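Enquirer: Quick note: the sequence shown uses UniProt numbering, first residue 1, plus one each step.
Bear in mind the hints are in silico, worked out from the structure with no lab data behind them.
Errors might be hidden in some of the hints.
To be verified - Derived CB-CB ranges, DEER-like: (1) Ala517 to Leu459: 24 to 32 Å; (2) Trp465 to Val394: 51 to 59 Å; (3) Lys381 to Leu459: 45 to 53 Å; (4) Asn439 to Asp412: 43 to 51 Å; (5) Asp250 to Leu188: 17 to 25 Å; (6) Val398 to Lys352: 38 to 46 Å.
These numbers come from a predicted model, not from an experiment.
Positions of the beta carbon are idealized from the N, C-alpha and C atoms, including for glycine.
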Amino acid sequence: MQQRRKSVFASAPFAMKQAALGAGVAARKNGAPLSLAAVVFALFVFATFLYNEDIKSITDFQFSSGAIRAKAPDLHLLQEAEAAAHAAVNTLAKRGEEVIVRVLEAPAAAGALARQAGANTAAAAKANAANTAKVNANAVDVVQEKERDVTLPTVTGGGGADEARRRADEEAAEKASSAKAAAATAALRTVVRVPETCDLYRGNWVYDEVNAPVYKEGECEFLTEQVTCMRNGRRDDSYQKWRWQPTDCDLPRFDARLLLERLRNKRLMFVGDSLNRNQWESMVCLVQSVIPKGKKTLTKFVNGGSSNVFRAHDYNATVEFYWAPFLVESNSDNPKVHSVPDRVIQWHAIAKHARNWIGVDYLVFNTYIWWLNTLDIKVLKGSFDQGSTEYVEVDRPVAYKEVLKTWAKWVDRNIDPNKTTVFFMGMSPNHITPEAWGNQGGIKCAMETLPITNRSASLDVGTDWRLYAGAQEVLPTLRRVPVHFVDITALSELRKDAHTSVHTLRQGKLLTPEQQADPKTYADCIHWCLPGLPDTWNQFLYARIASSPWPADAQQ
Numbered sequence: 001m002q003q004r005r006k007s008v009f010a011s012a013p014f015a016m017k018q019a020a021l022g023a024g025v026a027a028r029k030n031g032a033p034l035s036l037a038a039v040v041f042a043l044f045v046f047a048t049f050l051y052n053e054d055i056k057s058i059t060d061f062q063f064s065s066g067a068i069r070a071k072a073p074d075l076h077l078l079q080e081a082e083a084a085a086h087a088a089v090n091t092l093a094k095r096g097e098e099v100i101v102r103v104l105e106a107p108a109a110a111g112a113l114a115r116q117a118g119a120n121t122a123a124a125a126k127a128n129a130a131n132t133a134k135v136n137a138n139a140v141d142v143v144q145e146k147e148r149d150v151t152l153p154t155v156t157g158g159g160g161a162d163e164a165r166r167r168a169d170e171e172a173a174e175k176a177s178s179a180k181a182a183a184a185t186a187a188l189r190t191v192v193r194v195p196e197t198c199d200l201y202r203g204n205w206v207y208d209e210v211n212a213p214v215y216k217e218g219e220c221e222f223l224t225e226q227v228t229c230m231r232n233g234r235r236d237d238s239y240q241k242w243r244w245q246p247t248d249c250d251l252p253r254f255d256a257r258l259l260l261e262r263l264r265n266k267r268l269m270f271v272g273d274s275l276n277r278n279q280w281e282s283m284v285c286l287v288q289s290v291i292p293k294g295k296k297t298l299t300k301f302v303n304g305g306s307s308n309v310f311r312a313h314d315y316n317a318t319v320e321f322y323w324a325p326f327l328v329e330s331n332s333d334n335p336k337v338h339s340v341p342d343r344v345i346q347w348h349a350i351a352k353h354a355r356n357w358i359g360v361d362y363l364v365f366n367t368y369i370w371w372l373n374t375l376d377i378k379v380l381k382g383s384f385d386q387g388s389t390e391y392v393e394v395d396r397p398v399a400y401k402e403v404l405k406t407w408a409k410w411v412d413r414n415i416d417p418n419k420t421t422v423f424f425m426g427m428s429p430n431h432i433t434p435e436a437w438g439n440q441g442g443i444k445c446a447m448e449t450l451p452i453t454n455r456s457a458s459l460d461v462g463t464d465w466r467l468y469a470g471a472q473e474v475l476p477t478l479r480r481v482p483v484h485f486v487d488i489t490a491l492s493e494l495r496k497d498a499h500t501s502v503h504t505l506r507q508g509k510l511l512t513p514e515q516q517a518d519p520k521t522y523a524d525c526i527h528w529c530l531p532g533l534p535d536t537w538n539q540f541l542y543a544r545i546a547s548s549p550w551p552a553d554a555q556q
């Protein structure tokens, strides 16, 4: 609380007031002459005491740093006190004139008493001068402290301005980064140009050390030992460096980021046998190369063991494989244990598998290699769920075509063509008859290092083209859902050099040196090394996906 200022006269010490007035009265009574200088000096001292008392009342106020910060008007109080002191001096001066007149009329005999009083007042003046200096010093300290406190908000304000500028810079940088990301995304949301009149599947294999392979074996952590031929002892890597060149156009080079942008918030699923799993591994390696570590995972044998799922987390995209070697139900549907001597199918039963395909955005189907075990296919009479064991044997092409009809009927009834794109892969050929490409005395595909290039006659490596014809006949019958046939068979027949051969697994274990030395028994001329031929198959898928128009909602 602010202290009330005392009256000008009440602030002077009582003794000093009595001394001054007593001197005047005594001088007047005795009629002693009084020196004018002594009277003026006494009045000056008296005024100084009055002034100092007012200042002292001000300095008695608690000017703590907390009070100053809490009450900003304290500096004004000090200024008011100083102005009041000056007003008191002026008032006292006016009253002093009257006293002087009265003193001049007093007898000179009072001079001695006045001089004694003057001496007393002079001593007191010195003491009060010291007090005045101390008070002034305290006042200066208070003012300086106030100035320091007043300055603090200015410093804080400057820091606030710096902080505001820093935040503005961060926001600008964030906006620039967002704009850059948006521009990058827009650049990826392009449509790859593939001439509609160009047949991508008619062409030649070209040796290209610059552009092939698209990825390196050691850079894909998700490859299985079944397909890592170089790691498993193969010495030549030329099989990785052949690029497919269509005759009338170019096959678009694979762009992993562009495909991942197409797959954002979507699912790509390969459904079929181990050749489709071979192609699935290739696709995983193609897209994973641009995804940082920690942003990608692969989980095997999920969904009851039938699925392997690769996930690109930042894209919320999956590349999946679903085991169904015949597409319909069979006694070989266990993804871990399926090497059964008598393969039996239930050719009209597909729902158990197909329920896992609903809602997938890109479906890639195949079925071929498991049909080649026997000339006739065993077809179950009844169902597996009912424990039926009886079967009938049906000619392979007939059974194959009937299974494709079952599959096509389900696709046409259950797939939304506005959401899902469907592909059907052509047949992946074997190379177990080296005489077909002129290698008399060769053993399967063992020791083959070059593709078949000089074709003076039709090539017959053992492909069952009857199944190919059955697919070509059934696929156009779908009414609602278009199915894109990926015609890999003929161009793959030329790649006798690209199989895993003896650089692979057998029953889950790498071949021993002794087994590798016996290719007639152990050479795998069905599956393909990676990087390798399945990468080209995926380039065909990429060309089809990336050349399709973007949905309207994806452009926003």
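Enquirer: Take the hints in turn and mark each one as holding or not.
Expert: Evaluated hints:
{"no.": "1", "hint": "Ala517 to Leu459: 24 to 32 Å", "verdict": "holds, 29 Å"}
{"no.": "2", "hint": "Trp465 to Val394: 51 to 59 Å", "verdict": "violated, 19 Å"}
{"no.": "3", "hint": "Lys381 to Leu459: 45 to 53 Å", "verdict": "violated, 39 Å"}
{"no.": "4", "hint": "Asn439 to Asp412: 43 to 51 Å", "verdict": "holds, 45 Å"}
{"no.": "5", "hint": "Asp250 to Leu188: 17 to 25 Å", "verdict": "holds, 20 Å"}
{"no.": "6", "hint": "Val398 to Lys352: 38 to 46 Å", "verdict": "violated, 23 Å"}
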